[in-house]
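Participant: Please assemble the complex out of the two chains, which come individually in their own frames, going by the hints.
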Amino acid sequence: MGVVTAKRGVDRRGASPPGRATPPPPLPWRAKLRRDWPLLVMNLPMLALVTVFWWLPALGNVIAFQDYNPFTGGILGSPVIGFTNFALLFQDAQFLRALLNTLSITAFQLVFYFPVPIMLALLLNSIVSARLRAFVQGVVYLPFFFSWVLVVAIFQQMFGGAGLVAQILRDNGREAIDWMTNSDTFLLLITSQTIWKDAGWGAIIFLAALSTIDPNLYEAAAVDGARRWRRMWHITLPGLRPVIVLLLILRLGDALNVGFEQFMLQRSAVGSEASEVFDTFVYWSGLRTGDLGYGAAAGLFKGLVGLLLILAANRVAHALGERGVYSRS
Amino acid sequence: MTALTSGDQRRKTRRTRPRRSPAGLAPWEERPSPAGRLGKGTLLTLIVLIVLGPLYTIVLTSLSSSETVNRVGGLVLVPDGITFEAYRQIFSDTVVSRAVLVSTLVTLAGTAVSTAVSVLGAYSLSRTGSFLHRPLLFSILLMFVFFPGIIPVYLMVSGLGLKDTYWSLILPTAVSAFNVVVLRSFFMNVPGEILDSARIDGAGEFRILFRIVLPMSKAVTAVVAMFYAVGYWNAWFNAMLYIDDTRKWPLALILRQYVVDSNPLPSATAGVTGDAPPTLAIKMAIVVIAVIPALILYPFVQRHFTKGVIVGAIKG
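Sequence lines, in order, name chains A and B. For the first sequence, the residue numbers in the UniProt record's numbering are 1 to 329. For the second sequence, the residue numbers in the UniProt record's numbering are 1 to 316.
This is chain B alone, in the form it adopts within the complex (with noise of 0.2 Å):
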């Protein structure tokens, strides 16, 4: 036994999987007892019913008719007729239908920016020897271990005059030091005699970053614009902390003031968010509208996170 978990008999033996056979049990492989089998498969379907059950709901709710809800007195767990009034209602309302203008807009900018910065830098800092490269990268490491603080963050955003502005939401969590380290170690592993060679043709910095060095590495920086993506659609805190203008509120604030709290919507103007309390289908069509962007840019990282970044860092 010992000498089966040595590590380095692991190491060094290949890592290919042997054929399966088609049930995909290798031939050495025990049959699994039908009661181990039904226990896992419970198992598995109770993971997916707390995942989804939850989704699901929402979704039927939001759907449902106010009588449907009043009659059911709460989330609506068998459908009876699909209805999009919620969605109709919301989205002939200002207040919602900035807020989620405004998110998208702060999404779309905030990503563009950070996305550019990340990749500029990481090419930088991916030069080893270069001038001043161990200080540069010194600092973006030392954003890993120490935070300064919200308090002087928060002066230093209204000290610059960025309170109250779409600015306070991009600017301060603009660079994210994880996704620079996961850039720079994709950009150091393309080999360097391309990079010399076009060095040789007279190529530039930028031209080599920008002709050979991204296309090279397009899922990964896919990857991590869809990080900063979700990240800034996310953002609550920042939005609480700089953003005291109603009119300027991203989604995540209405999300906060209106579902959680059951708070009247300020600033209504007119319509069904006004003064009256929050309707069940009103406040989970809103819940539905917050999550449809993970939704969708979802499958995409899964697809390309799982496989490259996270494997490729745990082998390095």
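Looking at chain A on its own, in the form it has when it is part of the complex (with noise of 0.2 Å):
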């Protein structure tokens, strides 16, 4: 969602937009300054904030090339040793299986949770009564304001060793599975999860797409003898093909992504061996164990490496004749 505006903001910037005078011709920059200074007053405590919450750590990432040590060096002192960390990160198996493991998340819950969404979206469409459809979007939307904490509670109360699923079955003399310690089932629970907390705001969007198809498409193709089915398939899909494409792509460039709380929240129960992601892996590895370089470089590496695919997404995007997420300007 965020990149799609983003698209939006960016495009902006070349074009004048609607409306507003042709700019005049470009002002000295001490003109513009003393045009200006109130627009940087307005931006300086954002600037201020994401100076030293983003650009400053992003600077402090050189850390991952020092043998890291905050109480006798700190960034200065600490002796620099080069890639020695990105080379110990790939002789790790608990990085190369948070790796693998990241990536099989990221798999399996494109072809199981992706397609919810869209589903979701067309069967919403569908409803004819409008109170029906508000009333069902107000519930599916629902679940997305809430915590992962919360959600977790929640699965744990129905599918844990105590919860409601194994109390059914233990009333009724079968054995209960505490599925929510199990690290074989872990991929299914942790998609049931995002597909119970997501499926319903990620539908949005597919509904806003479908809005935008004109409705004397499926007339004429009802005129000319188009049933359903045939209607869904020549004009529905292919006008949510744009954004479907635009999703999947940016989802691709995400794929280190996988959501970090959810992880971090179930690590204990499941074991690491199945939930040990990207970023659970940086935490435990830096911030735990209290290897602070190391753990700055798993993290540099899933930074640069998302930023490497995302880059290359929009570029098949582009080659695909998308827009992207954001367009050359």
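If you're looking for bench data, these hints aren't it; they were derived computationally from the structure. All values derive from a computational prediction rather than experimental measurement. A portion of the hints provided could be inaccurate.
[What the hints assert, rightly or not] Here are the simulated lysine to any residue pairs, SDA-like style, with alpha carbons at most 20 Å apart:
| id | chain 1 | residue 1 | chain 2 | residue 2 |
| --- | --- | --- | --- | --- |
| 1 | B | Lys40 | A | Gly138 |
| 2 | B | Lys40 | B | Val51 |
| 3 | A | Lys32 | B | Lys248 |
| 4 | B | Lys40 | A | Val139 |
| 5 | B | Lys163 | A | Gly138 |
| 6 | B | Lys248 | B | Val51 |
Facilitator: Given below as structure tokens:
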């Protein structure tokens, strides 16, 4: 969602917005500064926050190239060891496991989560009664506003060892399974959690795309004898195609991001073998064991590969004739 | 068929929906078959149950007496007497009520800070061609594609001495690039003639923002504020990283410790949540308390957000 809006923001930069006078010839920077200093003052609080909590930490990643010790040396005094931390990462079985887990979670969710909001949007769109549709929409959007702690707590009460499902199974004389601690079904568990929490909200963007399809197309097709399913195949799906392609590419560009709190919260219950992903690895290797430089190297690796993937995904989007996250200006 | 699906035609034609018949169907639409209607109805009922069912039994359990919970042996599905005992116990205990207070204050303060900073920042970025416009915009947009990493941010926060202060729950996540860009794109839609005439009348940028632009963007500003509020209320990770002092814990940490992990609460002074393992009714009451703000804010967000922000974004 964010990116779609970002695109809008960037696109406006080149062309002057409608209704505004054509820009006068460029002013010298002194005159500009004299005119625009109130804008800079307004920008200052945001700039300060972004500098302190984004730019400086981004530069602070130099500790990834150091044998960093906050007590003896700090950033300036710690010995520089080049790419040693990165080389060590690739000999670390736990890091490779985190990499593998992250990629398999992304792949699994592409197949089993990604289509759900699309199907949900089609279902919601097909509800004839406007009041019923508003009600169902209101219900399915709701869990998006719950925190992951809450979602995990709710799932635990439903599927945990003492949860509702186990309770019903036991009442009927069957053996109960604790899904919350079972590492074999962990992929299934987190995907159901993601569907429960996010699928409804994810459907919004497809509903918005559906609302831009011209209804006259449906009428014309119906007059030509196309029935419900044919109309969906030949009008609805082509109408959704740009959004689907865009979101798919974005998801691929975001392949290393599978969420963080969801895994942090369930790591102790399921074990690190199944639940270790990139971000949890950074947290445990850096902050828990105290090797900050090593953890920062893992974090920087993720950040840079993620950046490359997004840029590549955007290239692909442009090549396919979509607008992508941002346009070249 | 190819002509039907061509993008050009789609864009040229007007997007007015023809008046539907009272049943909601267009005259040319075929009546759905009974089997199809039944199938769709079942599916929708199932979806609604999957979302609301857990909430129903959680609320019911939190309102049940401990005898009822013990008799059922878990979550309560059929109401059998309503009691507010669990809530009374929670609020007679200092640990949980303090956490509720902390979460509330952090949410209020954080939302105020974030919204103010974002509105000012977004307006300053809404004027193309102003002094340093491009680099300033770029520094915000870069936040979309790169995250500096958990550890450098952690070192920054502890280096500033913010650990174990409430500021550590607010400042590191105070600016959301997404919200700033949403605000900015709405501010840019304010007609330039209005702004120009205000400028000719001698209004400064601050006056233009607070007297003209902001009143015209009330809905989107409110939605952004709500998003910040929900984010602060739900935040768990920042608190886990930065707050070691258990007396300063927000509700999310209590929820993890007490409800998810079933550990006794730390430094409990007296009362039910002391050393005894948590009872199910009390656990569920804490869950309900954690859900309530989302439920209150939610209808508002839904009404304005779905109409305005997303549709505007995708059409733009």
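Participant: Hint by hint, note whether the structure agrees.
Facilitator: Right, here's what the structure says about each hint:
1. Lys40(B) with Gly138(A): Within the cut-off at roughly 18 Å; holds.
2. Lys40(B) with Val51(B): The given pair, whose Cα atoms are some 17 Å apart, holds under the 20 Å limit.
3. Lys32(A) with Lys248(B): Judged against 20 Å, a Cα distance of about 47 Å means the pair is violated.
4. Lys40(B) with Val139(A): 16 Å, holds
5. Lys163(B) with Gly138(A): 39 Å, violated
6. Lys248(B) with Val51(B): 32 Å, violated
The structure shown violates the earlier hints numbered 3, 5, 6.
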